[in-house]
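Visitor: Listed here are the chains, written in short residue letters.
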Amino acid sequence: EPEVTQTPSHQVTQMGQEVILRCVPISNHLYFYWYRQILGQKVEFLVSFYNNEISEKSEIFDDQFSVERPDGSNFTLKIRSTKLEDSAMYFCASSAGGPGFFGPGTRLTVL
Amino acid sequence: AQSVTQLGSHVSVSEGALVLLRCNYSSSVPPYLFWYVQYPNQGLQLLLKYTSAATLVKGINGFEAEFKKSETSFHLTKPSAHMSDAAEYFCAVSANTGGFKTIFGAGTRLFVKA
Numbered sequence: 012e013p014e015v016t017q018t019p020s021h022q023v024t025q026m027g028q029e030v031i032l033r034c035v036p037i038s039n040h041l042y043f044y045w046y047r048q049i050l051g052q053k054v055e056f057l058v059s060f061y062n063n064e065i066s067e068k069s070e071i072f073d074d075q076f077s078v079e080r081p082d083g084s085n086f087t088l089k090i091r092s093t094k095l096e097d098s099a100m101y102f103c104a105s106s107a108g109g110p111g112f113f114g115p116g117t118r119l120t121v122l
Numbered sequence: 022a023q024s025v026t027q028l029g030s031h032v033s034v035s036e037g038a039l040v041l042l043r044c045n046y047s048s049s050v051p052p053y054l055f056w057y058v059q060y061p062n063q064g065l066q067l068l069l070k071y072t073s074a075a076t077l078v079k080g081i082n083g084f085e086a087e088f089k090k091s092e093t094s095f096h097l098t099k100p101s102a103h104m105s106d107a108a109e110y111f112c113a114v115s116a117n118t119g120g121f122k123t124i125f126g127a128g129t130r131l132f133v134k135a
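So the protein lines, in turn, are chains P and V.
Here the first sequence stands for residues 12 to 122, where the numbers follow the working numbering.
Here the second sequence stands for residues 22 to 135, where the numbers follow the working numbering.
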């Protein structure tokens, strides 16, 4: 069964550094999403992406965040200047037009 | 807009007892509903989903949930709890008007006592 994959599984970075989280959506899917889960809290929607542009973003998704589909298979989330409070699990999801299928997540730790 | 409310941030049951985790949703259009389980330091595992077919949905690990439109509920049950069921459980909703983004509840942590 096709799956969404994410790399790396764990990422440790220093405050102020840029990080790129990578996702490979299911191959025939057209809708892509990023979610965040701060430790001990619920999963929160960050952004949705369709037809090479952002279709919706939450208030969490501020100017330090950006998304890109650089090569037709990957879907990336870039955090430009990480802050301590960006430490969280980040989930990618993709869909063919219905509810999304979630990847295993990347745990980001900002020191 | 969609929303999800999970009643009870913590639920404790004895091994072998009935598990009941409550979820109520709000959606202006027919929703898709989900239950996910998350073990410590791990990702989300889909337990089951309702997609407008049968209202009683069976999932993995002996869990099931019933969609009740009149009560806007989607409670998760399991007849007999196992120690391995101890985890965090998230109810979630998705719908066409939300661009199919998934909205999660706050989660319920299930404790299973020996």
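No lab work stands behind these hints: they were computed from the structure.
Quick reminder that beta carbons are idealized off the backbone N, C-alpha and C, glycines included.
Incorrect hints may have been included.
[Said to hold, decoys possible] Computed Cβ-Cβ distance ranges for the label pairs, DEER-style:
(1) G27(P) / L77(V): 49 to 55 Å
(2) S33(V) / N85(P): 30 to 36 Å
(3) S105(V) / E14(P): 20 to 26 Å
(4) Q63(V) / E70(P): 25 to 31 Å
(5) E14(P) / T26(V): 28 to 34 Å
(6) Q63(V) / D82(P): 26 to 32 Å
(7) G83(P) / G37(V): 47 to 53 Å
(8) G108(P) / G83(V): 28 to 34 Å
(9) E92(V) / N62(P): 33 to 39 Å
(10) Q63(V) / P81(P): 35 to 41 Å
Visitor: All the hints need checking, so say for each whether the structure fits it.
Guide: Okay, the hints, checked on the actual structure:
1. For the pair G27(P) and L77(V), the beta carbons lie near 52 Å from each other, so the given range of 49 to 55 Å is met.
2. One distance hint, 30 to 36 Å for the beta-carbon pair S33(V) and N85(P), is violated here, with the actual separation near 43 Å.
3. As the Cβ distance of S105(V) to E14(P) is approximately 23 Å, the hint placing it in 20 to 26 Å holds.
4. Look at Q63(V) against E70(P): about 28 Å separates their beta carbons, and that is inside 25 to 31 Å.
5. Here the CB-CB span from E14(P) to T26(V) is close to 30 Å, well matched to the stated 28 to 34 Å.
6. The hint said 26 to 32 Å for the Cβ distance between Q63(V) and D82(P), and at roughly 29 Å that hint holds.
7. In this structure, G83(P) and G37(V) meet the distance hint of 47 to 53 Å, their C-beta atoms being roughly 51 Å apart.
8. Take G108(P) and G83(V): their Cβ atoms lie about 31 Å apart, and the range 28 to 34 Å holds.
9. For E92(V) paired with N62(P), a C-beta distance near 38 Å keeps the hint of 33 to 39 Å intact.
10. Restraint check, Q63(V) to P81(P): a C-beta distance of roughly 28 Å breaks the suggested window 35 to 41 Å.
Going down the numbered hints, you'll see the structure goes against 2 and 10, while the others check out.
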